[in-house]
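**Q** Sequence:
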Amino acid sequence: MAERDYLWGRICRVTLTLLRSGSFSETDPTANTIVIDGASDGSNMGLRIRFQISKSTEKTANPAVITITNLSPDHRAAVQRKGVRLTLEAGYAGPGLVHVYTGDVRTADSTRDVADWHTALKCGDAERSLQFARVSQSFAAGVTLGEVVKFIAGRTGLGIGNVNEQAARLTQPFYQGYTMHDSAGKELDRALRAAGWRYSVQDGQLQLLAPGEAVTNSVPVVSVETGLIGSPEAGSPETKKQPQLIRFRRLLLPQARAGGRVQLVSARYNGIVRLKKADHTGDIRGGEWFTDMEGAIDPTARPA
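Sequence positions in the sequence shown follow the working numbering and run 785 to 1088.
I should point out that these hints are in silico values taken from the structure, not numbers from a laboratory. All figures in this text were calculated on a predicted structure; none of them were measured in a lab. Treat the hints with caution; some may be incorrect.
Dumping the calculated DSBU-like pairs for lysine-lysine here, alpha-carbon to alpha-carbon at most 30 Å [to be verified]:
(1) K866 to K970
(2) K1061 to K843
(3) K1025 to K1061
(4) K866 to K1061
Pairwise CB distance ranges (calculated) [what the hints assert, rightly or not]:
(5) G1019 to D858: 44 to 52 Å
(6) V1049 to T891: 49 to 57 Å
(7) S922 to R953: 45 to 53 Å
(8) G1019 to T963: 51 to 59 Å
(9) Q956 to P857: 24 to 32 Å
(10) G926 to D973: 17 to 25 Å
Ideal Cβ positions, reconstructed from N, Cα and C, are used throughout, including at glycine.
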């Protein structure tokens, strides 16, 4: 059976948890967890989940808007509290749910439309950590860039992601020492720029990448047989030295990650694409259910 045969039966789940007071990342074990399940088969009548999620390899917090129709009055009140973390999973009835997004709820606005209540949750990926975590430290002469990066990462309150393995490669020493006193996000960016690297936050986890590098995760195939929609389009690179970008759309691919890779198979393009962006748009009751991707074909990688 072709992979596309499994792309039926939309399913989605939103999980809301309250962070511990004063913490950027630890959940409160005494608070109730709210789980909202949605399915296109009508098994949860009246409830509807829609989402718009934008992920990129930029250092800004990945934004998302998740709109839930007909939350209970108690749940509408609960999401108004400060320090609410949202996790969204989505997928298909055959393969099951796949994690798509985790972020902090910025605002929760509920509006009434005749008999229905629509609650729009605007989120940012680990936004509180990037905004409020600060570092102030001086290092002696000879400290390496990797040691500095690991220190900052440990103060962000974020998941460590691939920091340890990547920091081991950053062996450049600071012969006159190193001093920092600013937000953790700004200091991490300043340190990595010394090596031409960049960081992003993906679902609460730090992700460090060298120029032109991608994370080593699974490589889904994007083709007509697996849900490719239309023809890929060429886009202009940010600078002349960078490779040409390619934009393409597929039926929702939760596994697509900014900084990750997919194998694109089309009439014009065929190769491993390093993803710069992956935007997920969905509606459990019909309409859009897509992933829009943008990246560059990696000339050093070969299709599986």
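**Q** Going through the numbered hints above, which ones does this structure break? Give me the numbers in ascending order.
**A** The structure conflicts with hints 6, 7, 8, 9, although it agrees with all the remaining ones.
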